[in-house]
Amino acid sequence: MTEPRPSPVTAGTIQTAAASRPSRRRVWSRELALALLTLSIILVFSILFPVSFRSTANFSAILRNLAFEGILAIGMMIMMVGGVFDLSVGAMASLAGVITGWLMKVAGVPVPLAVIGGLAAAAFGGFLNGFIVAKVRVNALITTLGTMGVFQGLALLIGGPGITFLPDSFTRFGQAEHLGLQAPVWFMIGLALAAHYALAHTRFFRQYYYIGSNAKAAHLSGLHVERLQIISFTLMGLIAGLAGIIYSSRIATASSTVGVGAELQAITAVILGGASLTGGKGTIWGAMIGVFFMALMKNVLIISRVSSEWQGIILGAVLVLAVALDSVMNRKKL
Amino acid sequence: MRNGTSLLAMRGIHKRFPGVHALKGVDLEVQAGEVHAVVGENGAGKSTLMHILAGVYRPDEGTIAFRGRSNVVIADEHSAQQLGIAIVFQERSLFGPLSVAENVFAGRQPVNRWGKIDRRALYDRTRVCLRRVALAVEPEVSVEHLSPAQQQLVEVAKALSVGARLIIFDEPTAALTETETSALFRVIAQLQSQGVGIIYISHRLEEIFQIADRVTVLKDGAGQGTRIVRETHPGELICRMVGRDLALLQRQSRGEPNTNPVRLEVAGLNDAEEFRGSRPYLQEISFQIRGGEILVLAGLAGAGRTELALSLFGVRPRASGEIRVDGRRVNIHSPAEAIEAGLGYAPEDRKDSGLFLDRSIAQNVVAARLNDFGAWWFKDRQGETVTEEFRRKLRVACTNVNQPVQELSGGNQQKIVLARWLLVDPKVLIVDEPTRGIDVGAKAEVHSVLRELASRGTAVIVISSDLPEVLAVADRVLVLCDGRIVGELKGDEASEEKVMRCATISR
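Listed in order, the protein sequences are those of chains A and B.
If you read the first sequence in this note's numbering, its first letter stands for residue 842, the second for the next number, and so on.
If you read the second sequence in this note's numbering, its first letter stands for residue 199, the second for the next number, and so on.
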């Protein structure tokens, strides 16, 4: 388990060598491995399908399609660094979109207020999840599995199948384009940069690495573990709400089922990108690569005319393989 | 009570593990209908010896005779069971959600012709077994709904149902109340009268004088002889258990009176009501400690020392009690408030609750002091520089401070935990079993770190079960037993005998 104590002499030499040139972090990581794999896929398919794959339109489409899950994955990465996850995010996104749509179409509330209403509802839903997990101490999987059903049901109750023909003043944002990329993509990039800064450099978010690594030790070191958990669930709710509202702005419809299955897609991407189910590991940049890798895989499978049944099989196998590889590598180290 | 027929005879048992000679030719003889106590300090070899009887380990040398058969080989747990040897473990090995009957007959449920479990026969047979241990519960009840004492009796019933002739009790009363303890003793007496042999392991000497016929003392893996209980006394047993040479660890206390101001004062601390009935239950704890003093909390496992630390540190809820730091009354309900008030606590189980194993050394060191390294742009470099200093001062053997702590040895990991608190620089530092599982060299280094910390005016509270360590570092010793302070000894007057006597006899 532990390494033998080096003799004083060798320990001394190692120390001086290290002091003069401190090695910061391990160079090899899941993020880097996945990035290289992603690059090689791009390379290979650019050669195989120079027309259909290597086009601006195709890449723009890939990004457009991943924006929704990408935004969710940012929140999910913060959660999983802290050692928890949230299955209700897809339903929460649907619910926030539907509430926003209902407020502006049915209740006649001005657009900005309707958006704020949708976000507030999503944040409250997230807070509820966090409260149940941290204070009542129900397991996160069970809590969010339950609230997923609740949020999905509420979305259907309020919006039916969906609320269509949302006002132009609302859809203008989601459908705007800059430099060939749609607004949701820009939004995802902006959120990712902000979240990367927060998770990598602020003291507040640094605490999530500690509670994810060992919640007991974090508690005994004076960290407010329960409070931090409630905050991360609330933040996740807010981010899910944003994702749902932006998506409904883009398609001009608040669909009650837009988020179905999105939670698992987000969790898959985040794990591929280096998060661990037990917490304490992961970066936003890893989450983004995970999301991009998944979207790219789907895209190349469609382009190479692989049937949709096989897409599921291949993506599922890739996930298990990636995590299995990690587990084998870690075992060797200990 | 013993009837003279030898049930078990172990002769010249040796067991070696890599680097440790755990048993050095131990003899143990148990007669049918006898309660035979085995005593010794932690690490004396009791568990190893019992694990050999249970078939977990094979002895390297020596012979075992059981029920008239000489040279018995106990190859595994199953063959121990077939011979008729059963252990009632400290940590109960029951299936919580399953019924009493399912537990007693686990894997041996009576079945009908089609392989279906015959419930009626199962419950009938279980009732017979439960009657033998005087346990009045229904066979259908889930085991997790029973009290610890009742669960223990279910284990005894299970042992009887497989026809055990020798039952080993490993610290059976550690979690029992006094009434439950005497109920267990009645069951043991009944088993005795049925000719079952009992091996009874306990730290509580007064229990041994209550129920045992003979007692065998182990020390550092060697037998110190077997005595008839009626012909010995606690003092003699303690002497045999601890008599070792103390030259290894130098006594630090010079017995000079400490005139520094009082740093921590605790008055009338009581556990919250929710702990009433469980053991230990902290009651009327009052003490004080001055700056520059090292106070050791001694006592047996389960005496309430860790619970007291957790209570002071805001983890374990209190019903009452006043805590003053530097004369100022403080209100502590969480570790964060405790740290704010000037307390620090390095927990007993480093890996479970002390360290962030997959995080780097530097990140572990700064964990309780994140506020010092910038809110909007966390200064990792500065944390590494600070850690570098501690690494030199505490002589931590590592390649660099960005190495994950899980790659360090136990002694170096402990130094990282200490470094975290040295960085916080609390007024009062509580360290729980600071040298458990680390080698002698690192042990002495940890001791000198604690002494240096005290010499700078910190009040240091050490929880330790290691008697030589207690004597080596203590300026003063408080002995706890069953959640109360039962004795106070000055460091230069304390001896292993005095501490053990306090901890085992004064109930």
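Bear in mind the hints are in silico, worked out from the structure with no lab data behind them.
It is possible that part of the hints are untrue.
Said to hold, decoys possible - For the chain A half of the interface with chain B, some residues (derived, Cβ under 10 Å), not all of them:
(1) Ala1041
(2) Phe1045
(3) Asn1055
(4) Lys1057
(5) His1060
(6) Arg1091
What the hints assert, rightly or not - Covered stretches of chain B (in silico footprint by chain A; criterion: 3 or more residues with CB under 8 Å from a CB of chain A, positions within the stretch not fixed):
(7) 275-286
(8) 388-398
It should be emphasised that the depicted structure is a prediction, and the values quoted were computed from it without experimental measurement.
Think of the CB as a built atom: it goes at the ideal place given N, C-alpha and C, for glycine as much as any other residue.
Evaluated hints:
1. Ala1041: With a minimum Cβ separation of about 8 Å from chain B (threshold 10 Å), the hint on Ala1041 of chain A holds.
2. Phe1045: Nearest chain B Cβ about 7 Å off; hint holds.
3. Asn1055: The hint holds - Asn1055 of chain A has a Cβ within 10 Å of chain B, the shortest such distance being about 5 Å.
4. Lys1057: With a closest approach of 4 Å, the Lys1057 of chain A hint holds.
5. His1060: holds (6 Å)
6. Arg1091: The hint is violated - Arg1091 of chain A has no Cβ within 10 Å of chain B, the shortest such distance being about 33 Å.
7. 275-286: Violated, because only 0 residues of the stretch 275-286 of chain B bring their Cβ atoms closer than 8 Å to Cβ atoms of chain A.
8. 388-398: violated (count 0)
The structure is inconsistent with the numbered hints 6, 7 and 8, although it conforms to all the rest.
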